[in-house]
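J.: Quick note on this note's numbering: the sequence shown kicks off at 1 and runs consecutively.
By construction, these hints were calculated from the structure, which means they are not laboratory data. Heads up, a few of these hints could be off.
Stated by the list, open to error - No more than 27 angstroms apart at the CA atoms, straight line, and that leaves these computed lysine-lysine pairs for DSS-like:
no., residue 1, residue 2
1, Lys330, Lys254
2, Lys185, Lys116
3, Lys2, Lys116
4, Lys178, Lys116
5, Lys185, Lys219
6, Lys190, Lys211
7, Lys52, Lys116
8, Lys185, Lys223
9, Lys224, Lys251
10, Lys209, Lys175
11, Lys220, Lys190
12, Lys178, Lys223
13, Lys272, Lys2
14, Lys332, Lys190
15, Lys185, Lys251
16, Lys317, Lys2
17, Lys224, Lys249
18, Lys84, Lys170
19, Lys84, Lys2
20, Lys330, Lys249
21, Lys219, Lys251
22, Lys330, Lys251
23, Lys2, Lys52
24, Lys223, Lys209
25, Lys132, Lys220
26, Lys251, Lys132
What the hints assert, rightly or not - With beta-carbon atoms standing in for the labels, derived distance ranges:
no., residue 1, residue 2, range
27, Lys190, Phe231, 22 to 28 angstroms
28, Val78, Ala280, 38 to 44 angstroms
29, Lys219, Met1, 55 to 61 angstroms
30, Lys272, Lys223, 49 to 55 angstroms
31, Ala216, Glu49, 36 to 42 angstroms
32, Val241, Gly328, 19 to 25 angstroms
33, Asn214, Lys116, 46 to 52 angstroms
34, Leu119, Lys190, 45 to 51 angstroms
35, Trp307, Val241, 33 to 39 angstroms
36, Gln333, Ala66, 36 to 42 angstroms
37, Met1, Val243, 38 to 44 angstroms
38, Asn214, Gly271, 49 to 55 angstroms
39, Met34, Trp307, 35 to 41 angstroms
40, Ser225, Val315, 43 to 49 angstroms
Note that beta-carbon positions come from the ideal geometry of N, C-alpha and C, so glycine has one too.
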Amino acid sequence: MKFTGHDAVRTTYVVEKDKDDKKVLTEKMMKKSMFDYRGRVQFAATVNENMKAVICMTASKEFGAAGTPAAEVDRIYVQRNLGKYLTATAGRHDLFIGGGLTYDGVAEGVTVMVGKDALNASVSYGYAPDLKYNAVMGSTKDKPGTDFNTVSFYAEEQKDNAQLAVFQLKGMIGKNVKVGGFYTKVNGVKAAEAVKTITTGIELLKSDKAKEVNEAIDKKYDKKSLDFYGFNASLNLGHNVMVDGEFAKYKDLKHSNAWTAGIAYGAYDMGKAGTWMLKAQYVDLDVLAPVFSSTLWTPYNQNFKTWAVSGKYAVAKNIGLAAYSTIGAKDKQGNDVAEYYRAELNYNF
Numbered sequence: 001m002k003f004t005g006h007d008a009v010r011t012t013y014v015v016e017k018d019k020d021d022k023k024v025l026t027e028k029m030m031k032k033s034m035f036d037y038r039g040r041v042q043f044a045a046t047v048n049e050n051m052k053a054v055i056c057m058t059a060s061k062e063f064g065a066a067g068t069p070a071a072e073v074d075r076i077y078v079q080r081n082l083g084k085y086l087t088a089t090a091g092r093h094d095l096f097i098g099g100g101l102t103y104d105g106v107a108e109g110v111t112v113m114v115g116k117d118a119l120n121a122s123v124s125y126g127y128a129p130d131l132k133y134n135a136v137m138g139s140t141k142d143k144p145g146t147d148f149n150t151v152s153f154y155a156e157e158q159k160d161n162a163q164l165a166v167f168q169l170k171g172m173i174g175k176n177v178k179v180g181g182f183y184t185k186v187n188g189v190k191a192a193e194a195v196k197t198i199t200t201g202i203e204l205l206k207s208d209k210a211k212e213v214n215e216a217i218d219k220k221y222d223k224k225s226l227d228f229y230g231f232n233a234s235l236n237l238g239h240n241v242m243v244d245g246e247f248a249k250y251k252d253l254k255h256s257n258a259w260t261a262g263i264a265y266g267a268y269d270m271g272k273a274g275t276w277m278l279k280a281q282y283v284d285l286d287v288l289a290p291v292f293s294s295t296l297w298t299p300y301n302q303n304f305k306t307w308a309v310s311g312k313y314a315v316a317k318n319i320g321l322a323a324y325s326t327i328g329a330k331d332k333q334g335n336d337v338a339e340y341y342r343a344e345l346n347y348n349f
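Sequences and hints are given; from them, build the entire structure.
T.: So this is what it looks like as structure tokens:
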């Protein structure tokens, strides 16, 4: 039995701009600013030489919130090697699509992977509880402050949940270039219903005709697919310099482009005290971007664009300090969006 864990304490700070372009902290923004902590413990048991079983427990809580943190089973799965190059995982396990722009979260189902790091292909099928929209609407003259609209594709009734079939191909070109591509087929959610929840809020910034907007969306997207695809690449330039980028979009929906490009310097390794890394990237997520539970730490998944900077430093072995900030955040209509700042202290054991 192997026992590992991770603890994190973090503070999140959200600041908007007023009409005179000054940064202010409103009561609404203060509700989004908080201190919280999270603990995760994982147990991995070797069943035999070709199989292991994993259970991961997680507990989290905001400082000052009522009650005590309740632990829950976050991951529970079995993994079996079916030969030298074939692995199958079944249960509630991690699903990482592409370079992580669209989805880096949990999946309930099966993943089969063939190959090694140099070249591998995988197929995943199941349900994705973290599949949800989180679209932002920036400040306007008629609607001050930053608002957002979160909508989950994971319903109480299983038949209404989104079912995903994810096909991925990843590989290396030489020693320094990683490339990948994916196609995700989405069943169980109608495009019109998913799109309506996001675009209605944005359209109503300019109009109160909700019924007309909804009817237009139903007609336009009634037979559209929510399948999405993407490509990603990273290049090691040497001397601890790395550049990367990713692009994704829905197959049938316009205004769904999502892309990011960044450059990083440093060699951060949480297991080595004194190592560090700095990264700057640009993020552009259209109104209907297929971004859900992203590796990106930026706070919104749709209708959002910003410069994003981050830094990490290993203050001691297995203890890491990280800081993140958006710069010049806006929605796709050009309205200001509250700036987002986060700092966290992480422990591995």
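J.: Evaluate each hint against the coordinates.
T.: Here is what the structure says about each hint:
1. Between Lys330 and Lys254, the direct Cα distance comes to roughly 20 angstroms. Compliance with the 27 angstroms bound is thereby established for this hinted pair.
2. This hinted pair checks out: Lys185 and Lys116 have alpha carbons roughly 24 angstroms apart, not beyond 27 angstroms.
3. Under the criterion of a C-alpha separation no larger than 27 angstroms, the hint pairing Lys2 with Lys116 is consistent with the structure, at around 24 angstroms.
4. A threshold of 27 angstroms between alpha carbons decides the hint, and for Lys178 with Lys116 the separation of about 13 angstroms falls inside it, so the pair holds.
5. For the suggested pair Lys185 and Lys219, the alpha carbons sit about 22 angstroms apart, so the restraint of at most 27 angstroms is met.
6. Of the supplied pair hints, the one linking Lys190 and Lys211 holds, its CA atoms being roughly 18 angstroms apart against a limit of 27 angstroms.
7. Simply put, Lys52 and Lys116 have alpha-carbon atoms about 19 angstroms apart, close enough for the 27 angstroms limit, and the pair holds.
8. For the proposed pair Lys185 and Lys223, the alpha carbon gap of about 15 angstroms is at most 27 angstroms, so the pair holds.
9. Between Lys224 and Lys251 the CA atoms are separated by roughly 9 angstroms; this keeps the pair inside 27 angstroms, and the hint holds.
10. Distance hint between Lys209 and Lys175 is unfulfilled; the C-alpha atoms sit about 56 angstroms from each other, more than 27 angstroms.
11. Note on Lys220 and Lys190: the hinted pairing holds, with a Cα-Cα distance of about 12 angstroms set against a maximum of 27 angstroms.
12. Among the hinted pairs, Lys178 with Lys223 is inconsistent with the structure: their alpha-carbon atoms are about 36 angstroms apart, more than 27 angstroms.
13. A distance of roughly 22 angstroms separates the Cα atoms of Lys272 and Lys2; the hinted pair therefore holds under the 27 angstroms criterion.
14. Using a Cα cut-off of 27 angstroms, the hinted pair Lys332 and Lys190 holds, with the two alpha carbons roughly 24 angstroms apart.
15. The hinted pair formed by Lys185 and Lys251 meets the criterion: a straight-line CA distance of about 10 angstroms does not exceed 27 angstroms.
16. Restraint check for Lys317 and Lys2: satisfied, since their Cα atoms lie roughly 20 angstroms apart, inside the 27 angstroms limit.
17. This hinted pair checks out: Lys224 and Lys249 have alpha carbons roughly 14 angstroms apart, not beyond 27 angstroms.
18. Among the hinted pairs, Lys84 with Lys170 is consistent with the structure: their alpha-carbon atoms are about 18 angstroms apart, no more than 27 angstroms.
19. This hinted pair checks out: Lys84 and Lys2 have alpha carbons roughly 23 angstroms apart, not beyond 27 angstroms.
20. For the proposed pair Lys330 and Lys249, the alpha carbon gap of about 20 angstroms is at most 27 angstroms, so the pair holds.
21. Annotation: proposed proximity of Lys219 to Lys251 holds, straight-line Cα distance about 18 angstroms (limit 27 angstroms).
22. For a cut-off of 27 angstroms, the pair hint linking Lys330 to Lys251 stands: about 25 angstroms separates their Cα positions.
23. Simply put, Lys2 and Lys52 have alpha-carbon atoms about 10 angstroms apart, close enough for the 27 angstroms limit, and the pair holds.
24. The suggested pairing of Lys223 with Lys209 holds, with an alpha-carbon distance near 23 angstroms, which does not exceed 27 angstroms.
25. For the suggested pair Lys132 and Lys220, the alpha carbons sit about 21 angstroms apart, so the restraint of at most 27 angstroms is met.
26. Proximity of Lys251 to Lys132 is assessed by CA-CA distance (about 18 angstroms); at most 27 angstroms being required, the pair is judged to hold.
27. Distance hint check for Lys190 and Phe231: the Cβ-Cβ separation is about 27 angstroms, which falls inside the suggested range of 22 to 28 angstroms.
28. In this structure, Val78 and Ala280 meet the distance hint of 38 to 44 angstroms, their C-beta atoms being roughly 40 angstroms apart.
29. For Lys219 and Met1, the hinted distance range of 55 to 61 angstroms is satisfied, since their beta carbons lie about 57 angstroms from each other.
30. Distance hint check: the CB atoms of Lys272 and Lys223 are about 54 angstroms apart, consistent with the given range 49 to 55 angstroms.
31. In this structure the supplied range 36 to 42 angstroms is violated for Ala216 paired with Glu49, their Cβ-Cβ distance being about 59 angstroms.
32. Taken as a hint, the range 19 to 25 angstroms holds for the pair Val241 and Gly328, whose Cβ atoms sit roughly 24 angstroms apart.
33. Remark: the range hint 46 to 52 angstroms for Asn214 to Lys116 is upheld by a beta-carbon distance near 49 angstroms.
34. For Leu119 paired with Lys190, a C-beta distance near 37 angstroms fails the hint of 45 to 51 angstroms.
35. Taking 33 to 39 angstroms as the suggested C-beta distance range, the pair Trp307 and Val241 does not conform, at roughly 19 angstroms.
36. For Gln333 paired with Ala66, a C-beta distance near 38 angstroms keeps the hint of 36 to 42 angstroms intact.
37. Evaluation of the 38 to 44 angstroms hint for Met1 and Val243 yields a pass: the beta carbon distance comes to about 41 angstroms.
38. Take Asn214 and Gly271: their Cβ atoms lie about 52 angstroms apart, and the range 49 to 55 angstroms holds.
39. For the pair Met34 and Trp307, the supplied restraint of 35 to 41 angstroms is violated, since their beta-carbon distance comes to about 24 angstroms.
40. Under the hint 43 to 49 angstroms, the C-beta atoms of Ser225 and Val315, about 48 angstroms apart, fit the expected range.
Hints 10, 12, 31, 34, 35, 39 from the list above are not met by this structure, while the remaining hints are.
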